[in-house]
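> Given next are the chains, with one letter for each unit.
Protein chains: 2
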Amino acid sequence: MSDDYIIKPQPETGTSTSPMKAVDAHGNPVELDIVHERPLTVFLNNREIVTLMSIGDHPKLLGVGYLVNQNMLSPQDQIESIDYDDVIDTVVIRTKVVTDFEEKLKRKILTSGCGQGTIFADIMDKLEDTTLAQTFQFKASWLELLLNKIKATPSLYRKAGSIHGCVLCHKDKPLIYMEDVGRHNALDKIAGYLYLNDLPKEDYILYTTGRMTSEMVMKAVIMGIEILISRSGATQWAVELAEKTGLTLISRARPKRFIALCHQGRIMFDLEKPSSKAAE
Amino acid sequence: MSDDYIIKPQPETGTSTSPMKAVDAHGNPVELDIVHERPLTVFLNNREIVTLMSIGDHPKLLGVGYLVNQNMLSPQDQIESIDYDDVIDTVVIRTKVVTDFEEKLKRKILTSGCGQGTIFADIMDKLEDTTLAQTFQFKASWLELLLNKIKATPSLYRKAGSIHGCVLCHKDKPLIYMEDVGRHNALDKIAGYLYLNDLPKEDYILYTTGRMTSEMVMKAVIMGIEILISRSGATQWAVELAEKTGLTLISRARPKRFIALCHQGRIMFDLEKPSSKAAE
Numbered sequence: 001m002s003d004d005y006i007i008k009p010q011p012e013t014g015t016s017t018s019p020m021k022a023v024d025a026h027g028n029p030v031e032l033d034i035v036h037e038r039p040l041t042v043f044l045n046n047r048e049i050v051t052l053m054s055i056g057d058h059p060k061l062l063g064v065g066y067l068v069n070q071n072m073l074s075p076q077d078q079i080e081s082i083d084y085d086d087v088i089d090t091v092v093i094r095t096k097v098v099t100d101f102e103e104k105l106k107r108k109i110l111t112s113g114c115g116q117g118t119i120f121a122d123i124m125d126k127l128e129d130t131t132l133a134q135t136f137q138f139k140a141s142w143l144e145l146l147l148n149k150i151k152a153t154p155s156l157y158r159k160a161g162s163i164h165g166c167v168l169c170h171k172d173k174p175l176i177y178m179e180d181v182g183r184h185n186a187l188d189k190i191a192g193y194l195y196l197n198d199l200p201k202e203d204y205i206l207y208t209t210g211r212m213t214s215e216m217v218m219k220a221v222i223m224g225i226e227i228l229i230s231r232s233g234a235t236q237w238a239v240e241l242a243e244k245t246g247l248t249l250i251s252r253a254r255p256k257r258f259i260a261l262c263h264q265g266r267i268m269f270d271l272e273k274p275s276s277k278a279a280e
Numbered sequence: 001m002s003d004d005y006i007i008k009p010q011p012e013t014g015t016s017t018s019p020m021k022a023v024d025a026h027g028n029p030v031e032l033d034i035v036h037e038r039p040l041t042v043f044l045n046n047r048e049i050v051t052l053m054s055i056g057d058h059p060k061l062l063g064v065g066y067l068v069n070q071n072m073l074s075p076q077d078q079i080e081s082i083d084y085d086d087v088i089d090t091v092v093i094r095t096k097v098v099t100d101f102e103e104k105l106k107r108k109i110l111t112s113g114c115g116q117g118t119i120f121a122d123i124m125d126k127l128e129d130t131t132l133a134q135t136f137q138f139k140a141s142w143l144e145l146l147l148n149k150i151k152a153t154p155s156l157y158r159k160a161g162s163i164h165g166c167v168l169c170h171k172d173k174p175l176i177y178m179e180d181v182g183r184h185n186a187l188d189k190i191a192g193y194l195y196l197n198d199l200p201k202e203d204y205i206l207y208t209t210g211r212m213t214s215e216m217v218m219k220a221v222i223m224g225i226e227i228l229i230s231r232s233g234a235t236q237w238a239v240e241l242a243e244k245t246g247l248t249l250i251s252r253a254r255p256k257r258f259i260a261l262c263h264q265g266r267i268m269f270d271l272e273k274p275s276s277k278a279a280e
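Going line by line, the protein sequences match chains A and B.
So in UniProt numbering, spot 66 of the first sequence is number 66, and the numbers just go up one at a time.
So in UniProt numbering, spot 258 of the second sequence is number 258, and the numbers just go up one at a time.
Check each hint, because a few of them may be wrong.
In silico DSS-like links for lysine-lysine, alpha-carbon gap of 30 Å or less [stated by the list, open to error]:
1) A:LYS256 - B:LYS244
2) A:LYS21 - B:LYS273
3) A:LYS21 - B:LYS244
4) B:LYS21 - A:LYS244
Which bits of chain B does chain A cover? Going by a derived footprint, with three or more residues having C-beta under 8 Å, they are [stated by the list, open to error]:
5) 25-37
6) 64-76
7) 201-214
8) 227-237
9) 253-259
10) 267-274
What the hints contain is simulated information worked out from the structure, not anything from laboratory work.
Since the structure is predicted, the reported quantities are computational estimates derived from the model, not experimental observations.
We put the CB at the ideal spot given by N, CA and C, even for glycine.
All chains should be built: construct the whole structure from the sequences, respecting the hints.
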């Protein structure tokens with residue numbers, strides 16, 4: 001099987017898991033692998049933004065991706081440096097000029113405290129202006145190919161469990177496979193990579209093991225992803241936002257089964273029909 | 001089957017799900033139920049604290065529970081009023097006197113922005129002083145009883161999927177069963193109920209469908225829960241924090257199988273041993 005991955009999980013290095021001893025339901029000793037979880041504090045220039053819980057790999061991509069997906073870093077902001085300190089678990093991202101976001105946050109803080117509302121409103125404004133192109137055609141038969149490739153990739157999930165994965169695919173090829181304990185960190189690390197590198201701008205599918213909520217849809221749209229596929233389901237608001245912005249949502253993904261929730265126009269239904277006997 | 005629930009899911013009212021039309025992998029129309037997701041903005045006195053994404057049930061319990069689990073409301077703070085406005089999706093919690101937290105957050109904001117760091121440090125301080133009693137004995141055979149009762153309870157999960165559940169159990173009886181889209185909301189709603197009501201203070205088990213991360217352990221300990229059980233696994237830091245504070249963590253829970261990760265002293269291993277034939 002060909003491997004087009006740019007980044008994939010490295011479960012064999014062991015830096016994100018540890019072995020531990022426990023007991024089973026009969027009190028007998030068992031051994032298992034368990035994933036790490038450590039804080040990462042993200043700074044934008046001189047401002048402390050957030051502390052994220054992460055498995056600890058790709059901290060620079062996570063820091064940048066978090067800021068991009070919160071609309072705190074835009075393509076016109078030029079990053080001057082990204083410094084990661086693994087002793088105090090911080091990543092400091094410095095831009096050439098002070099970002100637009102910092103001014104907004106400053107004003108907000110003077111009036112009412114945490115900037116959550118501002119950031120949220122900013123993202124909604126950005127989404128209002130976004131409509132994804134509808135030219136990309138996804139063959140329903142690709143799903144089996146994608147899921148088999150992803151499943152065959154050694155991962156922390158297979159080694160230790162208790163972890164979510166997100167895989168950025170270009171057409172029928174998985175390119176970037178990230179995992180993390182935090183609900184959105186895996187996706188943010190992919191966003192960080194996309195921000196810092198010149199990949200082609202079109203025909204992206206994102207597969208996730210997690211549920212598709214409003215926030216996942218917002219992030220996928222900001223990242224320019226056209227098709228979001230989940231092993232799990234979606235919320236009503238996620239579907240509404242995807243409907244508005246032109247994102248195709250596919251839930252309950254199995255090799256030859258799925259439910260397409262909106263913008264089904266991108267899908268070529270090329271799977272063989274179940275035989276009429278089975279349908280009778 | 002006797003039913004000791006104080007609160008359980010109300011899937012039949014339909015206020016948290018909607019039917020929707022979609023298509024399957026062959027392009028054929030399908031109908032499914034989908035869970036709602038809407039913002040809830042929480043105010044403490046005059047301060048806007050956070051906007052949470054929720055299915056929208058029990059907004060007052062969610063607001064209070066969020067503040068309790070962030071250590072922004074303590075038992076000595078007297079709540080004067082809780083006002084929920086379903087048009088603008090806000091809940092305002094007013095205390096008799098200004099809370100200690102508000103003063104701390106004010107100072108923090110003057111120096112460096114969002115209060116995340118302060119809140120986190122506060123919770124860690126509180127955990128340092130906490131050691132759970134070790135007298136409660138949990139029979140391994142109770143798990144089958146608990147899981148069967150929970151499984152037999154009509155839920156949004158069974159109706160629409162894509163949702164997490166948390167169940168507060170007193171000994172072998174499920175008492176409060178909450179569901180939500182947000183990772184921690186289900187647990188926070190239980191914390192809100194515990195804060196506002198006089199339930200016995202001991203012998204609590206919490207069962208969750210979600211993974212046991214550091215934050216879940218912190219919240220469980222603050223709530224006085226002695227045994228945290230998950231269908232899924234735990235992170236290393238979750239185990240470390242549970243170890244320190246005296247919480248028993250049980251992962252991979254199935255009717256007659258589980259893995260006890262720490263403080264196994266609370267568990268009575270009363271399950272029949274597998275027959276020696278099977279072990280041979």
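> Now look at each hint and say whether the structure bears it out.
Taking the hints in turn, this is what the structure says about them:
Between A:LYS256 and B:LYS244 the CA atoms are separated by roughly 47 Å; this puts the pair beyond 30 Å, and the hint is violated. Of the pairs offered as hints, the one joining A:LYS21 and B:LYS273 holds, with about 20 Å between alpha carbons and a cut-off of 30 Å not exceeded. As the CA atoms of A:LYS21 and B:LYS244 are separated by approximately 17 Å, the hinted pair is consistent with the 30 Å bound. As the CA atoms of B:LYS21 and A:LYS244 are separated by approximately 17 Å, the hinted pair is consistent with the 30 Å bound.
Requiring three or more residues with a Cβ within less than 8 Å of a Cβ of chain A, the coverage given for the segment 25-37 of chain B holds, as 9 such residues are present. Look at the segment 64-76 of chain B against chain A: 0 of its residues bring a Cβ nearer than 8 Å to a Cβ of that chain, fewer than three, so the hint is violated. Counting residues of the segment 201-214 of chain B whose C-beta lies closer than 8 Å to any C-beta of chain A gives 4; at least three are required, and the coverage claim holds. Only residues whose C-beta sits within less than 8 Å of a C-beta in chain A count toward coverage, and the segment 227-237 of chain B has 6 of them, enough to reach three; the restraint holds.
Counting residues of the segment 253-259 of chain B whose C-beta lies closer than 8 Å to any C-beta of chain A gives 4; at least three are required, and the coverage claim holds. Residues of the segment 267-274 of chain B with a Cβ under 8 Å from some Cβ of chain A number 5, which satisfies the need for three, so the listed coverage holds.
The structure fails to meet hints 1, 6 from the earlier list, while all remaining hints are met.
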